[in-house]
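Q: Chains as they are written, first to last, in the UniProt record's numbering: chain A, 1 to 292; chain B, 1 to 273; chain C, 1 to 250.
Derived from the structure by calculation, the hints contain no laboratory data.
There is no bait here: all hints are sound.
If the Cβ cut is set under 8 Å, some of the chain A residues that face chain B in the computed set are:
(1) Ser8
(2) Val23
(3) Asp26
Glycine included, each C-beta is placed from N, C-alpha and C at the ideal position.
Chain residues, written in single-letter form:
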Amino acid sequence: MNKEAPLSIAERDFILNALREGVRLDGRQPDELRPLNVSFGDEYGHVKVQLGKTSLIVRISSEVTKPRDDRPFDGPFTIAMELTSMGSPAWSDGRQGDLEQYVTHVLDRVIRHSNALDTESLCILKGVSCWSIRADVHVIDYDGNLIDAACIAIMTGLQHFRRPDAVVKDGQVVVYGLDEREPVPLNITHKPLSITFQTFDEGKLVILDANRKEEQASEGDVVIGINNAGDVCFLSKFSGAPVDAIVFVSKSSVALEKVKEINGIIDKALQSDLAKRTEKGLAEESKAENDR
Amino acid sequence: MTTPLILLPSDNVPSDHLPSNTSAPLRLGPGLRLLSEQQSSTPSPGHVINASRAGLLSTDPKRNAVSILSFPNHRYIPTTNDLVIAQVHHSSAEYFHCMVTPQTPHALLAQLAFEGATKKTRPVLKQGDLVYARVLSIGVSAGAEVELTCVNPATGKAEQGGLGPLTGGMVFDVSTGLAARLTRASSSKAEYEDGVAGLVVLDELGTKLEGIGGFEIAVGRNGKVWVDCSNAGDSAIRATVAIGRCLHAVDESNLSPAEQRKLVSRTLREMEV
Amino acid sequence: MVGPATASLSPLTRSDGSSSYKCPATGFNILGSVNAPVELPARRDALKPEEATVEVLVKPGTYPAGVGERYVEGILKGMLGKLVLGREKGYPRRGVVITLAVVGSEDVGRGDSYLTMLPALLHASHLALLSAAVPLSMTFTATVLAVTSSGDIIRDPSVKDATAATSLHVLAISSKGHLLLNESQGAFDFDTWERVHQRALTICRGVQPSGSDGNIAMVEDMEGRPLEGFIRETVEDKVYHDYAWKIDAA
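Only chain A is shown next, with the shape it has when bound in the complex (with noise of 0.2 Å):
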């Protein structure tokens, strides 16, 4: 029963009538973004994600593998979201069910394809050794656009992460702890976010970052991933009902705007924690230096 519970008829004809209005159930525009708020963990990568009610949590971790014999510059990376019934009841653990799908499929392609993670910087040492970067999701409160939430919480977490440091001495690889040289930041490329849409009344009413029962209601969705140049690096309209081709012209520029808007948050998340931390590693550094 991988399924959310059906809405009613009357929540659905609710939801559409008010959207002829230009009314949401929470009182936002059509183009509005839920409230966005970025924390982090203790653990570098270790990055929580709060959009309106759906929220979750990214772990990025980082291991030396041995490349793949097609691919000797390249480092792995990975992301793995399981849906668990965490993040709503309607979810069996251990079965994977559409959404599953549907959304690793989505971030597989905005953030992994468009080469927003450098893997040829993780290469090590040629066809021996190298770093292999995984990216945990952990959805734990389900309320809609799982996407958008996942995109900007990996996006964050690949720019908060930092992997020990590991050099190449005489054929031999060295990996350096934490708590000997400074960590190493990941190198990104460029910084794609999607945007996702949902649809109405025959794609006559177009919202973006839909909660679930709006998700529920609507009769199509489209995913604009792109970048803070503009860049469109996905673009996709899976099923439900057809979408004037105008729509997607339009809501490119609502997307590139909304990207902004949100890597400034991110931006700014990063730079308050990387302060914190940078305040907290000075603390102990006196402070080791006062017990000797």
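Mind docking chains B and C on chain A? Use the hints.
A: Then chains B and C, alone, in the frame of chain A:
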């Protein structure tokens, strides 16, 4: 009033916290069970009332009842006589199969369990329709089906409170804790300054929206609130959304009666009702 | 000691009950959720007809779940299954689904002992069960103790300490003083286990049964606050918060 008593599973209810009325039998509500105590230290009856959930002990001296109020977000468990808002999933020859809470088996609502329903006049409900119903029985054996009804089985009439199909309007999901408070607040007509169960939000909305035609509301103990403002004409949708937002805000944060009044004014202003 | 653990009830909105539990000494940060009573569709034939079935899923933070997680799920399921009153109204034939996510931790590598994390997992599931108002027969607390080669007992050992220890013990003790769970690993003798048991009683309940006369002595100094009080206070804080409208009016 005594100080609040908070119990954890396996805590015994001290006898001085029980209603002292001895003429009527004591009613044990959810979260409490009667255990026989084998220790010799307790006085003669040899029984103790023991908690099986964590929460606040609540006593009702009028009904001679005692129960534990647990955390408000827990799942609804059907209890005989509760009013619920059920959603029709499919129908069979005799019954409508209805969803009371998601991810649980369907409850049964007999097709003739409506006021004045005969084989010819029974309502035709399709998938996704809503009904306001009373829990008739929860079955005796383990895992038995829950049965709903829209009439009083004794009289064959719909009771006060408008049981039956709900048409139009909108349903908002709230916690089961708030649903229980709303039920109490809307069933008692007493004019308390601070409302019943600390709630004034509905009264306040009622006063403020009276001018545009008022609204109809049905509260289901399963955490669903149905609201209809169809008398309000052009502002029907905005008024309904405003009511929903007020309910969610009250559910999410502890608002005092004064804050609830402020919330109502602010929300109605924002929604331009 | 790095300070007391922190916990909260119902931090999540979608699940029927939830908890977060963070133990600063070991760094484990666990989120727990409970959905109950729900239908477990695919395994209807495997359900006990008269009571509820407890399911547990442990999800590691940075790697896919494997044998270690399945093992610890088995321990949790066995113990929590005995605690849940699965015959109460609404529960027979239904599932109590517990999901635990390890959101922050010192890395328990694949192959390392899971026992160090077990008390945090137990406390997170316990609090989530309370939050979901699942009927329980009793409350409990748990602790992990490592015995070093010199015979010292370390409370809440780090992963490094645990690897170096000669034996590891996880004990869960009910609010009535019963020993609910005893998972041990490594070599030890009866006397060592007896000492571990006494220490666990002190940590969990703050009491030491002294001698045979049944008198109970309170010990509060060296172990800090007993864990039992910690669980109770976490629940009380949340009740005061959720029922402010009722308590303040009284």
